[in-house]
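Using the hints provided, position chain H relative to the given structure of chain Z.
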Amino acid sequence: MSYHIIVVVREVWDTRDLVGEPLGLDGVLKPLPRRFDPEDLNSLEQALQIKDREGGSVTVLSVGQPGEVDVLRECLYRGADEAFRVTTDEDLDTGARAALLAAAIRRIGAHDLVLLGVSVPEGENSLLAGELAGRLGHAQLTYVDSLTELVPGQVTCRREIEMGSEFVRLPLPAVLALGVYLLKDDPRTPRAAKAMLKLKLKKAPIPEWSAAELGLAGEPRRMRLAGLTALPQRNVETHDVDAGSEAALAALLRDIR
Amino acid sequence: MVTSENFYQDNPDLRFVMEQMVDWAAIFAMRGDTGHAEAPFDSVEEAREANLDMLSDPIGTIAAQRIAPRAEDVDRLGCRLENGQVIFSEPLQRNLDDLREAQLTGLTMDPAYGGIGFSKTFYSAAVELVSRADASLMNFFGLQGIADTIQQFASDEIKNEILPDMASGLLSGAMVLTEADAGSDLSAVRTRSLLEAEENPDGDWTLTGSKRFITNGCGDVLLVLARSEDPAKYGGGRGLSFFLVTRGERVQIRRIEEKLGIHGSPTCEIYFDKAPARLIGRRGHGLTRYTAWLMAAARLGVAAQSVGISEAALREAEAYANDREQFGKKIAELPAVAVMLAEMRVATEASRALLYATSTFVDLQEGAEKLGLNVEEKKYGRAADLLTPMVKYYTSELCNMVTSTAIQVHGGNGFMKDYPVERLFRDARITNIYEGTSQIQVDWAVVRLVRGELTAILEPYAGRVWEDIELAELAERLHDSRPLLDQATACLKQRGPEYRDLMARRVVDMALDHYVGWLLLAQAEKWRYKRKVVRRFLADALPRLRMNHEIVMGDRTLDLERLVEA
Chain Z
1311 MSYHIIVVVR
1321 EVWDTRDLVG
1331 EPLGLDGVLK
1341 PLPRRFDPED
1351 LNSLEQALQI
1361 KDREGGSVTV
1371 LSVGQPGEVD
1381 VLRECLYRGA
1391 DEAFRVTTDE
1401 DLDTGARAAL
1411 LAAAIRRIGA
1421 HDLVLLGVSV
1431 PEGENSLLAG
1441 ELAGRLGHAQ
1451 LTYVDSLTEL
1461 VPGQVTCRRE
1471 IEMGSEFVRL
1481 PLPAVLALGV
1491 YLLKDDPRTP
1501 RAAKAMLKLK
1511 LKKAPIPEWS
1521 AAELGLAGEP
1531 RRMRLAGLTA
1541 LPQRNVETHD
1551 VDAGSEAALA
1561 ALLRDIR
Chain H
2 MVTSENFYQD
12 NPDLRFVMEQ
22 MVDWAAIFAM
32 RGDTGHAEAP
42 FDSVEEAREA
52 NLDMLSDPIG
62 TIAAQRIAPR
72 AEDVDRLGCR
82 LENGQVIFSE
92 PLQRNLDDLR
102 EAQLTGLTMD
112 PAYGGIGFSK
122 TFYSAAVELV
132 SRADASLMNF
142 FGLQGIADTI
152 QQFASDEIKN
162 EILPDMASGL
172 LSGAMVLTEA
182 DAGSDLSAVR
192 TRSLLEAEEN
202 PDGDWTLTGS
212 KRFITNGCGD
222 VLLVLARSED
232 PAKYGGGRGL
242 SFFLVTRGER
252 VQIRRIEEKL
262 GIHGSPTCEI
272 YFDKAPARLI
282 GRRGHGLTRY
292 TAWLMAAARL
302 GVAAQSVGIS
312 EAALREAEAY
322 ANDREQFGKK
332 IAELPAVAVM
342 LAEMRVATEA
352 SRALLYATST
362 FVDLQEGAEK
372 LGLNVEEKKY
382 GRAADLLTPM
392 VKYYTSELCN
402 MVTSTAIQVH
412 GGNGFMKDYP
422 VERLFRDARI
432 TNIYEGTSQI
442 QVDWAVVRLV
452 RGELTAILEP
462 YAGRVWEDIE
472 LAELAERLHD
482 SRPLLDQATA
492 CLKQRGPEYR
502 DLMARRVVDM
512 ALDHYVGWLL
522 LAQAEKWRYK
532 RKVVRRFLAD
542 ALPRLRMNHE
552 IVMGDRTLDL
562 ERLVEA
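Protein sequences appear in the order of chains Z and H.
Heads up, the first sequence is in this note's numbering, so the first residue is 1311 and it goes up one at a time.
Heads up, the second sequence is in this note's numbering, so the first residue is 2 and it goes up one at a time.
Keep in mind the hints are simulated off the structure, nothing from the lab.
Do not rely on the hints blindly, as some may be mistaken.
[Claimed, not checked] Heads up, simulated BS3-like pairs for lysine-lysine below, C-alpha to C-alpha not over 27 Å straight-line:
# : chain 1 : residue 1 : chain 2 : residue 2
1 : H       : Lys371    : Z       : Lys1510
2 : Z       : Lys1510   : H       : Lys418
3 : H       : Lys379    : H       : Lys494
4 : Z       : Lys1494   : H       : Lys418
5 : H       : Lys533    : H       : Lys330
6 : Z       : Lys1504   : H       : Lys160
Just chain Z, with the same shape it has in the complex (with noise of 0.2 Å):
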């Protein structure tokens, strides 16, 4: 049995090494490099695993143009079989960037699955996924470890809880949010890119679609900072108390209350 799965991947900012001085000598913040997300690098190499394993197709899908890494161009070096990037000028909110990625996977069609990492810059709530089930009206589950069994119509995952494991079956097709905790060795650590891939598909064409051509019209409703304002300074008036006089203290709490 074979199974058509959508990868969902995302460039971060490398936020690992950030001891050291955070100003450049321009006094200004420097820049932090950025990387693969690595849960989606993770995910990657679940679908991929699946596809050896059973055959079928990985599809990867991504928004926005790419900042230092292209991670489709990535993904198909490390064996992702199509890529698709939807365009967009704009710094989404999540709720729009979920509407522009679902208009995107049913324009790819059918698939079995929909992966996707917990993702760092989230707060690894992994409300994209959320998001996304939602609008693809699929089953979800997030903090997904390992997906265990999979088979016609249905999937069964591992999540690490408190005291063990606990394993969720979900009907397919399912959006699945991984967090994977890697281990030496760990079977399921990301493979590194394919030397011929690489050269082979260093300039492969990458179809875009922008927001129109996905048939969402108009500007994304989206949540904006409509504005800040900081809290009131408070007042701290201090007085000296003679610690010795019982009086002095006497008038002091009468103050307090």
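Structure of chain H alone, referenced to chain Z:
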């Protein structure tokens, strides 16, 4: 252990050499990677970027994230022999799987056979990166020269049969040369190869005899040097041919060696019991042509392995010295330790400079040969022939010095298995022995030095104007050392072969101190930090060169070199 995400990205010196010193444009042009309609790349920039990108990922990432963390286990577990089968340890098998899955098993092989077809310069860097992670793994990764040899000399039938599976990593190989009584002197090889049907000149051959010290002798494709001609008619090296033997029941692994280092690499003793064999190339050319070709590639590989080990040891020592406190301060701040660290760093960077200068000449020569440019082929071939033994000798000896010093920096801790420098020191020890000992390399090099083949290599520096006053001053000192080198070389020529052999090492050392000085000076032109490196290098190299000059030119009698009581 010092950990890293990417062994290419975290190495400023390797990146500097790759990005600024290597003349990629010349290499690509000569190899035909760019500049014509069917070239694999549209521009030099594109080809260069593809090369450097590949070094970073997957090679740099796999070396750092997968191979290096397993090195300690690979060393501890070694390989086993059970019922004639060599069993790899689990971490070693994982390393091999990782290399194969990342498609890194056919880096230099022709794309027509499924390889990537990259240059030797690129390959040297790949070997350096892998060896920094685990020196023993290089003995698998570095065997790509075997496929190159088949590609270069075997028939189309053999090539089509074997090479695609070697490129994909399905088949591994071994070069099967050494015998119990034929080590450095391969012309003494006795393994017999007989034509089964003497009347049929194209018939099948069989091999009978023992080979030992065969790295990865359990491989699937064995390139065997064997005696095919009647010793009475063609004695010594002229009677040897090259054969291809595939693994089968007539190829028996009798034992694997217990070794000081590179435990992840099985060293096998093989018995060929009338094993079916196929001739590669022409009869009688086994040693002079094919082994020489294979050896040259292997020597460059060992040089790259040595640089990788030095890099690993240097990093361990620097990290330790910046962490360990004695006498109320970090030991790196103590002059006695600081000087050791500086020596290690200079040695590693000098080794690297020579490695890539040599690799470039090898690429230019191979490219010129393919294009049929006779003049260029001769010119670059002479340079490659001289520099290959020199770089193997230089980098492997320095690698031994660097790993030993790394233990010294660690003090008592370095002697213990708790720190990786102990393993690095053991692994380093083979580099100046296999693929020809240092003495053999010196022997090869000195003959070519006496023939004056360094002159052309030094040509670009002879009349060069250095605009920077600091560099000009250093260049002046290097220029001043040239007559000493020339005098010593002339002296060897004049005093005859025995004197030459006794003094060979000193003159090769002089040539190395002089030439590497120029390489580092050229680096200093492009990176300010390198001024310190070249100054530090010359501070030792020039007095050493003068010392060697004085000894070579002196009137010492030959007896002084042999302190055996009469």
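Hint check results:
Between Lys371 (chain H) and Lys1510 (chain Z) the CA atoms are separated by roughly 24 Å; this keeps the pair inside 27 Å, and the hint holds. Distance hint between Lys1510 (chain Z) and Lys418 (chain H) is unfulfilled; the C-alpha atoms sit about 44 Å from each other, more than 27 Å. A threshold of 27 Å between alpha carbons decides the hint, and for Lys379 (chain H) with Lys494 (chain H) the separation of about 23 Å falls inside it, so the pair holds. Of the supplied pair hints, the one linking Lys1494 (chain Z) and Lys418 (chain H) holds, its CA atoms being roughly 21 Å apart against a limit of 27 Å.
Distance hint between Lys533 (chain H) and Lys330 (chain H) is fulfilled; the C-alpha atoms sit about 24 Å from each other, no more than 27 Å. Distance check on the hinted pair: Lys1504 (chain Z) and Lys160 (chain H) sit about 24 Å apart at the alpha-carbon level, within 27 Å; holds.
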